[in-house]
Amino acid sequence: DTAVSQTPKYLVTQMGNDKSIKCEQNLGHDTMYWYKQDSKKFLKIMFSYNNKELIINETVPNRFSPKSPDKAHLNLHINSLELGDSAVYFCASSQEARGAFFGQGTRLTVV
Amino acid sequence: AQTVTQSQPEMSVQEAETVTLSCTYDTSESDYYLFWYKQPPSRQMILVIRQEAYKQQNATENRFSVNFQKAAKSFSLKISDSQLGDAAMYFCALSSGEYGNKLVFGAGTILRVKS
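For the record, the sequence lines run as chains A and B.
Just so you know, the first sequence maps onto residues 2 to 112 in the numbering used here.
Just so you know, the second sequence maps onto residues 1029 to 1143 in the numbering used here.
Each hint should be verified, as a subset may be incorrect.
[Said to hold, decoys possible] Selected chain A positions facing chain B (in silico; Cβ < 8 Å): (1) 11; (2) 46; (3) 65; (4) 89; (5) 91; (6) 97.
[As the list claims (entries may be wrong)] Below are the SDA-like pairs computed for lysine to any residue, each with C-alpha atoms no more than 20 Å apart in a straight line: (7) 23/A with 76/A; (8) 10/A with 1035/B; (9) 45/A with 1142/B; (10) 45/A with 1035/B; (11) 41/A with 1125/B; (12) 45/A with 1053/B; (13) 1083/B with 1106/B; (14) 1142/B with 1083/B; (15) 41/A with 1072/B; (16) 10/A with 53/A; (17) 53/A with 65/A; (18) 37/A with 1071/B; (19) 1142/B with 1069/B; (20) 41/A with 1138/B; (21) 1101/B with 1069/B; (22) 42/A with 1115/B; (23) 72/A with 1125/B.
Treat the hints as calculated values from the structure; they're not laboratory data.
Backbone N, C-alpha and C define an ideal beta-carbon position, used for all residues, glycine too.
The shape of chain A in the complex, shown without the other chains (with noise of 0.2 Å):
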């Protein structure tokens, strides 16, 4: 069984589109992220969920939200898509600093 899956694997959109990821986790852990690789390969978090609760937010537009139905679940929409949102995006989970378990991934690209 896949611990954190994340759909869908490949999403190709027009700009101005509204666009969901959707991510669940098996492995019981209470924080979820949302990470995102920029075209250089950079890694930078966005968004972190504990037990449904938003924790980190970092200076991410407000076109991106986050949320979360349960503590196994985190989904990202995205409103109003721009050319600059093209990348890939990651969905991950840990308990406390031991490490997180990423998905996927999602390569979004933005025509």
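Chain A is fixed; fit chain B onto it per the hints.
Below, chain B alone, put in the same frame as chain A:
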């Protein structure tokens, strides 16, 4: 603030030989964790090895080991008996509870393995 620096954009190693990837970090916390992640072309992020800052003993996982120098804030990864499957991007990362356990990553090192 926490920062992680990987000064080697790219490294090469001959199959079966040993290679060391460098990482330095900065944090004001006393309680933190350090990690090495591997990202192969499949883009999956794989946790290779973890080191708790309070432990003096260097972590090892099979062919992977670290050299953790706390005073120097250095955390290098040694890969022994390199295999073709080790070819990937390697990221050094730091986390601590004071920062919500988020991972702060270095820029990564591309490792090429020659046969």
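Hint-by-hint comparison with the structure:
1. 11: violated, 11 Å
2. 46: holds, 4 Å
3. 65: The hint is violated - residue 65/A has no Cβ within 8 Å of chain B, the shortest such distance being about 16 Å.
4. 89: holds, 6 Å
5. 91: holds, 6 Å
6. 97: holds, 6 Å
7. 23/A with 76/A: holds, 4 Å
8. 10/A with 1035/B: Violated, at roughly 31 Å.
9. 45/A with 1142/B: With Cα atoms ~31 Å apart, residue 45/A and residue 1142/B exceed 20 Å; violated.
10. 45/A with 1035/B: At roughly 18 Å apart (the allowed maximum being 20 Å), residue 1035/B and residue 45/A satisfy the hint.
11. 41/A with 1125/B: Answer violated: residue 41/A to residue 1125/B is near 28 Å, above 20 Å.
12. 45/A with 1053/B: holds, 16 Å
13. 1083/B with 1106/B: The given pair, whose Cα atoms are some 18 Å apart, holds under the 20 Å limit.
14. 1142/B with 1083/B: violated, 34 Å
15. 41/A with 1072/B: holds, 16 Å
16. 10/A with 53/A: Measuring from Cα to Cα gives roughly 24 Å; hence the hint is violated.
17. 53/A with 65/A: holds, 17 Å
18. 37/A with 1071/B: It holds: about 13 Å lies between the C-alpha atoms, which stays within 20 Å.
19. 1142/B with 1069/B: Answer holds: residue 1142/B to residue 1069/B is near 16 Å, not above 20 Å.
20. 41/A with 1138/B: holds, 12 Å
21. 1101/B with 1069/B: At roughly 29 Å apart (the allowed maximum being 20 Å), residue 1069/B and residue 1101/B break the hint.
22. 42/A with 1115/B: OK: residue 42/A and residue 1115/B at ~16 Å, within 20 Å.
23. 72/A with 1125/B: holds, 18 Å
Hint check: violations occur at hints 1, 3, 8, 9, 11, 14, 16 and 21; the rest are consistent with the structure.
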